[in-house]
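J.: Since the structure of chain V is provided, determine the placement of chain B on it from the hints.
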Amino acid sequence: MTTTRRVLNTAVGIVLVLVFLAPVYWMVNVSLQSSDALLRTPPAWFPFDPTWSGYAEAIRTQGSHLVTSLVIALGTVVFTLVVSAPAAYALARFRLRGTLALVLVVLLVQMVPGIVMANSLYPIFSGVGLLDSYPGMILADSTLTVPFAVLILRTFMSGVPGELIEAARVDGCGQWRTFGSVVLPVCRNAVITAGLFSFLFAWADFLFAVSFTTGNTIQPITVGIYRFVGNQTTNWNGVMATAVLASIPAAVLLLTAQRYVAAGITGGGVKE
Amino acid sequence: MTTNTRTTSGTSGPRATRRKPGGNREGLVKWTFVLPMMLFLLLFFCYPVLRNLAMSFQQWTVASFYEGGSPFVGLDNYIALVTDPIFGGAVLNTALFTAGSLSFQFVIGLGLAVFFQRRFPLSGTLRGLMLLPWLLPLVVSGAVFRWIYDEGFGVLNQLLLGLHLISDPIPWLSSTQYALTSAIIANIWVGVPFNLVILHSGLQAVPASLYEAAALDGAGPWQRFRMITLPLLRPVIAIVLMLGLIYTLKVFDMIMILTGGGPANASETLTTWSFALSFEEFDFGQGAAVGNLLIVVALVFALLYLRSIRNTFSSGGERG
Chain V
1 MTTTRRVLNT AVGIVLVLVF LAPVYWMVNV SLQSSDALLR TPPAWFPFDP TWSGYAEAIR
61 TQGSHLVTSL VIALGTVVFT LVVSAPAAYA LARFRLRGTL ALVLVVLLVQ MVPGIVMANS
121 LYPIFSGVGL LDSYPGMILA DSTLTVPFAV LILRTFMSGV PGELIEAARV DGCGQWRTFG
181 SVVLPVCRNA VITAGLFSFL FAWADFLFAV SFTTGNTIQP ITVGIYRFVG NQTTNWNGVM
241 ATAVLASIPA AVLLLTAQRY VAAGITGGGV KE
Chain B
1 MTTNTRTTSG TSGPRATRRK PGGNREGLVK WTFVLPMMLF LLLFFCYPVL RNLAMSFQQW
61 TVASFYEGGS PFVGLDNYIA LVTDPIFGGA VLNTALFTAG SLSFQFVIGL GLAVFFQRRF
121 PLSGTLRGLM LLPWLLPLVV SGAVFRWIYD EGFGVLNQLL LGLHLISDPI PWLSSTQYAL
181 TSAIIANIWV GVPFNLVILH SGLQAVPASL YEAAALDGAG PWQRFRMITL PLLRPVIAIV
241 LMLGLIYTLK VFDMIMILTG GGPANASETL TTWSFALSFE EFDFGQGAAV GNLLIVVALV
301 FALLYLRSIR NTFSSGGERG
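Protein sequences, first through last, are from chains V and B. Position 260, counted from 1, in the first sequence is what UniProt numbering calls 260; the numbers after and before it change by one each time, with no gaps. Position 274, counted from 1, in the second sequence is what UniProt numbering calls 274; the numbers after and before it change by one each time, with no gaps.
Heads up, a few of these hints could be off.
Unchecked claim - Derived CB-CB ranges, DEER-like:
(1) V/N189 <-> B/H164: 47 to 55 Å
(2) B/G124 <-> V/D49: 32 to 40 Å
(3) B/F72 <-> V/L18: 20 to 28 Å
(4) B/L299 <-> V/D49: 51 to 59 Å
(5) B/A215 <-> V/V7: 52 to 60 Å
What the hints assert, rightly or not - Taking beta-carbon pairs under 10 Å as the criterion, some of the chain V residues facing chain B (in silico):
(6) S142
(7) W176
(8) D205
Stated by the list, open to error - Stretch by stretch, here's where chain B covers chain V in the computed footprint (C-beta under 8 Å, at least three residues):
(9) 55-62
(10) 80-88
(11) 107-115
(12) 250-257
Hints were generated in silico from the structure; no laboratory data involved. Note that beta-carbon positions come from the ideal geometry of N, C-alpha and C, so glycine has one too.
If we strip away everything but chain B, and leave its shape as in the complex, we get:
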């Protein structure tokens, strides 16, 4: 798996399929392999996504669940959203959260990947330990950062005070000025391992002979990085950024446990806002509408992602 970062590639070995008389029955048997998954996808993806689309044109209240009334209201939910004073802030926060998280996760991940490309004792073990934040439940990481950021007793303020970098404790989570930044920093920590692993496996695929040749030609480390590593890594970089973007857009747990979107919506993203509308205000129609906005954004990037992996994809798949 070291040189292969895609989900879809694979060697197309000899096929198990054999054409026999009675191939029709054989064909039916083969379909029984995929049938449970297809049913699951229909019931738990297609139906909910369509249902969500329908809900965004309906008015939902608490009573809808008990009496069943959710009248069609056309575009009212969407109009209410766009005219809501929270909307602009949520869009901006989502963009800032995504851009801030992605750029730092990527730069730190790439730096670490380049470092761990060196051969030294314990290299593999240390790199493995770096994966821990990615494996921890986000709620756990969030709880830890909640304490780290604690204004009175958290280690971050105590450290900064002790080093005389600040003279008063910073209200990391309870001030509108810092809440979003604090959530971004915590989210960067969680996302670095993903970037590290994928970029590291991408680096393994760069032939060492290229570096040797460049070194013979007198290229320094920075030049080798810029002229060899970056260009050859470009497809992997595209994938890691695209997947990171799709993932970061829908981050919910971290913001929810750190700030709940507050204070005063200072760290509200489209995802947390959608949750608040549906599950706190029981306006599932508006919640669905925000969700659909997220789907559209995710879909655009998903299609870009599929385009970027198309080459590997077609070499691994079998067509029927």
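Looking at chain V on its own, in the form it has when it is part of the complex:
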């Protein structure tokens, strides 16, 4: 291909990205304008007179919800990895009776609609006092992350060289010791990928958040935005500033861990 063709392709690619990401641009643009400026038509294409008042309001009204989501997301990551990593290793490596059936079950449970989970977990949670609680949200969000993490970790762990495991076993390591000191370090990237996506899924969850929290004690950021949008549709800079803040984990993930992202999408099936 000639150089001009290549440069032309790059130009077309940039235009495609700009058009496709226009909504994201407008989110940032609106978040930096004043409420008054946003009531003028047509809207300014660029924040020529930027103001941080939207962000000030976002942090004032939604800051605690961001912290709530952070706690839930981190808790989900820990719980998910603790449950999924050993299981994934067993499903990848051990010849246990019923392994194949278990993998099938893990694949199938991913397809249970979230609304069914919300509907049936609500009375269960209500009975055992898990509504409006961090443990309840972490457990609910883990239904989104555990199957995903098991499948993606299993794929990677079946690629660990058998000699490594054999060597540890010959040295007298038990199964758990082998897993902890050989398999996990070797699969560090896969564990990071599973952890990052678990964080993102829990952070983005809206259905469980809106079903299992009443807003009295804890309120995740997704519910915060939902109520924010519903209440004050004239206060768009505050809403968009909150949206920008809630996008930070996704942006960080894309910028710092891009190579894991494609692996996550192709490896784990569907986003909830």
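T.: What follows is chain B alone, placed relative to chain V:
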């Protein structure tokens, strides 16, 4: 991972398992690896799904939560659903939402995947940036589209007015005529990256030599696409459509934040309706019944999906 779009494949390397005397204890230790996950699946999938089935045959009210009464009512919930005037609309909306989202996500995703197959500077970076909508929380994307669609101040109407394509602002979200279409467009935007990534990795697996041979034989770009790309991509296409379908069926966040299913149920799908029945009207029995309908539909497509990946699946799994 570039040529591999499945969740289940993997190289079956040498096994860690060794048969030793005392293998029974060894076997027990191995089970401790899967036990926490099995407990979790039992408590948080099997039990809720069965519970949901039971709930659909019970009458639930607000009082059920305080006094505990949820009497068995047989098929009453299902009969109430089918005879509800909302039912037909919700089924139709779900079908339209799914078909509309899927077809455009797929065509746009495939177009972009073919484009990004070309080698040019920044190709990888630009393709990576395209993933952003998939990574954003749906509520965030929904909030952004809520502003874009705003009748008075949103950029979409201002743009269309400025270009003289319309003479009056369109009430994108508040008219029964446009609400569903608006939700579909927003959902297409969210779903394109997923199609792009999976189709792109599928395209990487098509040998370049085939294109070269076809080009030598005088095949044009369109012919090469139709005669080589599409046939070889068919398994990947099947997977991307199947997963997209299962995913789109249960979309909740986007519709909820854009329209809440309204106005006048114009954008109500089975998922949002189920939520409204349970969490707004506290009729968890009917909500459960709608949920079970969704499970049946999802299950049919899930089985089709499992059948389509069966080949890769059996090569990666170990049997016990």
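J.: Taking beta carbons only, do three or more residues of the stretch 107-115 of chain V come closer than 8 Å to chain B?
T.: It holds, with 8 qualifying residues against the three required.
J.: So the hint says 20 to 28 Å: do the beta-carbon atoms of B/F72 and V/L18 match that?
T.: violated, 59 Å
J.: A closest beta-carbon separation below 10 Å is what the hint needs, so does V/S142 meet it against chain B?
T.: This hint holds: V/S142 lies near chain B, its Cβ roughly 7 Å from the closest one there, short of 10 Å.
J.: Less than 10 Å between beta-carbons is the criterion; does V/W176 satisfy it with respect to chain B?
T.: holds, 7 Å
J.: Verify the coverage statement for the stretch 80-88 of chain V against chain B, using a C-beta to C-beta distance below 8 Å and requiring 3 or more qualifying residues.
T.: With 5 residues closer than 8 Å to chain B, the stretch 80-88 of chain V meets the three-residue bar; holds.
J.: Taking a Cβ-Cβ distance under 8 Å as contact, does the stretch 250-257 of chain V have three or more residues in contact with chain B?
T.: Result for this restraint: holds, n = 4.
J.: Okay, B/A215 versus V/V7 on CB: inside 52 to 60 Å?
T.: Violated - the Cβ-Cβ distance for B/A215 and V/V7, about 22 Å, lies outside 52 to 60 Å.
J.: Less than 10 Å between beta-carbons is the criterion; does V/D205 satisfy it with respect to chain B?
T.: holds, 8 Å
J.: Regarding V/N189 and B/H164, is the given constraint of 47 to 55 Å on their beta-carbon distance met?
T.: holds, 53 Å
J.: Evaluate the given range 32 to 40 Å for the C-beta pair formed by B/G124 and V/D49.
T.: holds, 37 Å
J.: With a C-beta cutoff of 8 Å, work out whether three or more residues of the stretch 55-62 of chain V approach chain B closely enough for the coverage to hold.
T.: Three-residue rule not met by the stretch 55-62 of chain V, so violated; n is 0.
J.: Are B/L299 and V/D49 spaced within 51 to 59 Å by their CB atoms?
T.: Cβ of B/L299 to Cβ of V/D49: about 55 Å, so the range 51 to 59 Å holds.
Comparing the model with each numbered hint stated earlier shows that hints 3, 5 and 9 do not hold.
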